[in-house]
Structure formats: structure tokens, C-alpha cells
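Visitor: One letter stands for each residue in the lines below.
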Amino acid sequence: MPTEGFELTFAADHDVPVCYIDRSREYYLAMGFSKPYVWTHLAEVPFAPLGKPLSQASVTVVTTAAPIEPGKGDQGPGAPMNRAPAFQKIYSAPTDDPPALGISHVHYDRDNTSGEDQRAFMPLPALVDAATTGRVGAVAPRFHGVPTRYSHRVTTKKDGPELLERLREDNTDVAILAAI
Amino acid sequence: MCHQTVSLIANYLEANGIPTVVMGCAKDIVEYCGVPRFLYCDFPLGCPCGRPNDPVSQAAALDLALRLLESAPAPRTTVQLPVRWSDNPDWKRTFFNVKEMSAEEFERVREHELSWRKPPR
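As you go down the protein sequences, you meet chains H and S in turn. At position 40 of the first sequence (counting the first as 1) the number is 40 in our numbering, and the numbers step up by one without a gap. Position in the second sequence counted from 1, then plus 1000, gives you our numbering.
Just so you know, these hints were derived from the structure itself, not from any lab. Keep in mind that the hints are not guaranteed to be accurate.
Derived CB-CB ranges, DEER-like [claimed, not checked]:
1) Glu1107/S to Ile68/H: 27 to 33 Å
2) Val1079/S to Lys158/H: 28 to 34 Å
3) Asp74/H to Asp1028/S: 26 to 32 Å
4) Thr132/H to Asn1053/S: 18 to 24 Å
These figures come from a predicted structure and were not determined experimentally. The beta-carbon is built from N, C-alpha and C at its ideal position, and this holds for glycine as well.
Assemble the whole structure, with the sequences as input and the hints as a guide.
Guide: Structure follows, in C-alpha cells:
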């Protein structure tokens, strides 16, 4: 039975998740790239249940954002696409003294956001708050950056094993991955 | 491409016993790849963890990601952050959308794209 006073709120027809696969295909075709990118599509997805309550777990963050480094051009809020800060190897940094991060090296929606507030793309500060209240057991000693790659083979054969080794070195139980 | 990268990494870690949750804004890319757990923010690319300068939405996003870690019953579980970017959804029209570009903007963007890589022959 409907709740008294409840009214449906309707959305506009185009208020649906953006189809980035279609958008990028049409975009690059228009730019002259005739061969569309083949996006990864997996037949099976693994699933690892939590081995312990989150309140006892060590949790880390994995990001594709890059440390801001002097001498690599404009990496600040709203900077144009800048390949210089892009990294080709996994990096790790201390969670108790994290470097400033930027997203100027990747395609993000520069018309509607600027990368000004790191917390909008990096959940580490919120995770630290969650550890302070006991929601999670601990923040792992390091967070990790993974390179954005076109090659799914390099990501899974090279970056995956290297990241796993680092997580195991830190006795990390859980990973939160934030995609730009 | 970031979304595909972290989706693949999530699969690798999960297959090796480490539970993961992906936070992202490109629902189609993540779900087409397939991940164990996905916290979807219907926000512009670049804001997978909440609205900029809005600590309340950022805390809500992390809280929902943690609850997803605890409660997802099976792989490919997606939960959407119940926060709207704006009452006006027109922001969804522009990104990478050549149909929305003026001829002048198209040429500027094309020149930039071709400045760092060439189309295959």
C-alpha cells in the first residue's frame, strides 16, 4: 500500500548513466582513429568474502591519481590534459603522510569538475576518519598508485602481481580502488 | 581507461583472496568488465568518492563502499550512491560528445588529440 503523501519524482530521459564506451568510440572515430578500442569483458568474476570484520581489518586505497611533482607542468585544478605526470610503474606512499595528488594526466570531465578537492577522487582522508571511529581496524601503512594502461595484459600480468606483493608486505586485508 | 585498469586490478586481487570494492563514475565500463563489488557515483568523471568540497557526500560514499564490502552477496554487485550531482542532468551531455561540439571546438580538440598520438594507418 502506498505511503500517504508519497509522490513519484520523474527524471529527464537523458538522466541515465553516461555510456562512456559509446561516447569514446564515436569520439575517436571522429578524430580519425578508425579502429575502436576493445574494452575488457570478463566471463567470470572472482569473489573473496571478508576474512574478518572490517573493524579488525587493515584497509588500503588503490588509485590512478598521480603525485604532483614540480617541473612537470600544470597539474593543478582544471589543468589541461598533461601527460608529463603520468607514471608507468606502480608507486606506493605512506598513508600517514600522503603526497598531494593530481589527475591532470587522465581524461576526466573538465567541463564539470576541476580536480581541486582531492577528497572527491581519493578516499584516503575519509578512510582515516573511519579508522579513527573504529569503523575499520586500521589504515594500511601505504596506499598505492597503479598506471592507467590500454593493455589489459600488462595490468594483469605485471601490475597485479606487483601490487599483490606490496599488499601482502603490509598485511593488508582489504583494498578500496578509486577510478578517475 | 582508469575504470578498466582498476576493474582488472580488483579481479586480480580478489582472485588472490583480497576483498575489494571499486568506486567509480563510469558504470558501463566497470560493469562491462565485471568486478566483485562496485560503488557507483553518478557524477562527472573525476569524482568517484563524492562531490568536491562536500565532506558529507564523501563520507557517505565511503560508508556505502564499506557496507558493500560487508554485505555483497555475490560478484558483480553494484550499489549507487543516492546523491544527485545536480537537479539539472545536462552535465551528462558534454563529455567526449562530438555531437555537442562546435566546429571550432572540434578542430581544437582534434588537433590536441593528434598532437600526442597518430591514428593507425
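Visitor: A separate judgement is required for each hint: does it hold in the structure or not?
Guide: A quick look at each hint next to the structure:
1. At about 31 Å, the CB distance of Glu1107/S to Ile68/H agrees with the hint of 27 to 33 Å.
2. For the pair Val1079/S and Lys158/H, the supplied restraint of 28 to 34 Å holds, since their beta-carbon distance comes to about 31 Å.
3. At roughly 30 Å, the beta carbons of Asp74/H and Asp1028/S sit within the given window of 26 to 32 Å.
4. In this structure, Thr132/H and Asn1053/S meet the distance hint of 18 to 24 Å, their C-beta atoms being roughly 21 Å apart.
Of the numbered hints given earlier, the model fails none.
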